[in-house]
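> Letter by letter, the chains look like this.
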Amino acid sequence: MTAISKEERTARQGSDKCFVPNIVLITLSLGLLMLLWSVDSVSIAPNRIVPGSGFMLWQALGLPGALLVSVLIAALAALALTPQKRFYSAQLIIIALLLLLMPFGLMVAGALLIEPDMPQARLGVSGGFWCLLFVMLLALVEVRLRLKLSRLWPALLLCFVAAVWWLCALSWLDHVALVQEFKARDAQFMRALQQHLVLVGVSVSLSVVLGLALALAMRRFSRLNRLGFALLNFVQTIPSLALFGLLLAPLAWLASQVPLLARLGVSGIGMAPALIALVAYSLLPMVRNTYTALDEVDEATLEAATAMGMRSAQRFWQVRLPLALPVLIEGVRITAVQAIGLATVAALIGAGGLGTFIFQGLGQAAMDMVLLGALPILVLALLVDASLGALAERLRPEGMQ
Amino acid sequence: MIELIDVEKRFGGVAAVEGISLRVPSGKVCALVGTSGCGKSTTLRMINRLIAHDGGEIRLDGQPIDSVDPVQLRRRIGYVIQHTGLFPHWRVARNIALVPRLLRWPKERIEARVAELMALLGLSFDELAHKYPHELSGGQAQRVGVARALAGDPDILLMDEPFGALDPLTREKLQEEVARLQSSLHKTIVFVTHDMDEALRLADHLVIMRAGRIVQQGSPLALLRAPEDPFVESLLGGLERGLKQAALMRVRDHMGSLGPSLPSASRISIDASLRQGLSIMLRDHAERLTVVDGKDVPVGELSLRRLIKETQWEQPTSP
Ligand SMILES: Nc1ncnc2c1ncn2[C@@H]1O[C@H](COP(=O)(O)OP(=O)(O)OP(=O)(O)O)[C@@H](O)[C@H]1O
Ligand SMILES: [Mg+2]
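Which chain is which? The protein sequence lines are A and B, in order.
Heads up, the first sequence is in our numbering, so the first residue is 1 and it goes up one at a time.
Heads up, the second sequence is in our numbering, so the first residue is 1001 and it goes up one at a time.
What the hints contain is simulated information worked out from the structure, not anything from laboratory work.
A hint or two may mislead.
Mimicking SDA-like on lysine to any residue, the simulated pairs with C-alpha atoms at most 20 angstroms apart in a straight line are [to be verified]:
#1 B/1244 to B/1275
#2 B/1107 to A/318
#3 B/1131 to A/322
#4 B/1187 to B/1174
#5 A/183 to A/374
#6 B/1131 to A/318
#7 B/1309 to B/1275
#8 B/1131 to A/183
Among the chain B residues that face chain A by a calculated CB cut under 10 angstroms, a handful are [what the hints assert, rightly or not]:
#9 1045
#10 1048
#11 1050
#12 1072
#13 1085
#14 1088
#15 1102
#16 1106
#17 1145
#18 1152
#19 1244
Beta carbons: idealized from backbone N, C-alpha and C, even for Gly.
Please work from the sequences and hints to get the whole structure.
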């Protein structure tokens, strides 16, 4: 009986909501429209060094193209006036369409704006384009929440979009500066990506294992608890660059004293200090989340487990851990996303990774090269965030919201 | 048989319960009643060693409970709590199967046991076995809680306000069912309740507690007849006490033979309680009721005058 009335109530709330305009989506779309018609969308530079000159949306796509984009965005706003479930679905389709059309827009811009006698010319992506991408991602999040979709579906959609972009970039977008930067150093890019993944993968797995052990130890020995958290909090306050620097001297000394370590690749700079620093940073969110996850499990449920005659190991593996798992995975998600960002800095101490491009690009004032490093980091972070979020959602016992 | 001998429990120096001595013979039901915080749950939880007692001795079938492994002990004792404590990540069937699995019963036996228990508690297997606890109504969840407690076929059942969170109708239904189950299963039961009617209805032995001590204990009728002090009397219903007592007495035991006078038009079943008899008398303005058996054949007479005069009504019988 309670279940029915609950359904009824949510249904009624849902129907009430139909008539409340979705302010978020309306503001986003209208703001985007204004930006698109007032800010450069792309820029053209004759070569890598010379700064380019900007072009507006209608110059880049031609008037019909610009109108098509604007109509789609206006439709997004219009559908948000009286939002209903099928309207949100329509918005999802429009967002996907716009995201998919973006690389083709760049192709059109290349064809329209670059003269055949300028083979060196580079098509730069500017404000308007980035705004469109950014706003579409925000709108996607909003629509996902309204449609109560699992995180998995938008993640899959984004993967599909990314694949299409990748394909376009490799086959047709030769003029785009980013693509040129990539083509000039694709082997280097692949190596950097690999290094980045190794840095993140190894440090996150290490901190998951260590964090779990530490959290368990802290739960068992309550005196360890305060000390442990104080230490981890302290590490968190050291600026990352300083931590990398602090590790330089002791590790170099260690490597010189213990030849075996040196042969294993430990030295003052490179992978070893980067990994140590990353693990040190990752431990706090990992331990804190694991600790609270395990701690928050309902006392009455645990007591029932004891009262039914479970041994403490059985109680931990069969009741406490499964009930804590979603929050625990949340911890892994936060840790991983943070590590993906932090691993960028590892480039400064010779551990490689995508940060290399960012710092090189900054040094040479080559923004496209910075983007070559920054964009994949962003995509990585989004992907990890979405997939681990979806995993946590799935693991949430079906008995709990 | 459960025996508590001068049992005591202190929390940080303060006694939560003290000098608790009570005996529940096998197959009997004992109810612990008292004001909030008087130590009922503490007493109950010492029996399955969720709480260790600090003084005195607790014995099950003559064996002190500290001499057995607490885990083995708990698997022999069913435990039901107010908010069920079902595992939210397990389906109903798995929840019920918990203790049999811990006892490593063979798979087929566990499946059969789960089906048997669900049937016993009026839970439809096809409809509910694969649901999660949050998909159940309060009454269903509590039934699952009872089924889980019975699953390992324990001799002893401990229940802490088992029906406290249910609406009155559901509660009454479940009380009836527990009474019905008990009449065939003969478990040794100790339960805590705030509902005196529930205690009177189910218990063979009633224990009244106040501030960590037992104030009075005995059969419900004995307590109703002779409450030792005003506190017990008020718990037992104050002015309503007479009716509560009448509710525990059956027409069968108090009727007289059919007299020579004209039988009364008002009738009552031989299995009804005296309380129901009194109610019918008030309703029908009748001093006498004709007692009928299951086939509506008159077998005796219930007379108000005789009831009031009856000595057994007044004098406490020694338990
Ligand atoms: N773990 C504990 N630590 C400290 N004090 C406790 C603990 N458990 C119970 N107490 C105290 O012991 C006393 C008895 O508690 P208990 O839970 O047995 O009461 P109760 O009769 O079950 O009450 P209620 O009817 O409200 O459930 C209370 O004063 C309570 O504060
Ligand atoms: Mg209690």
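> Hint by hint, where does the structure go against what was stated? Just the numbers, ascending.
8, 16, 19
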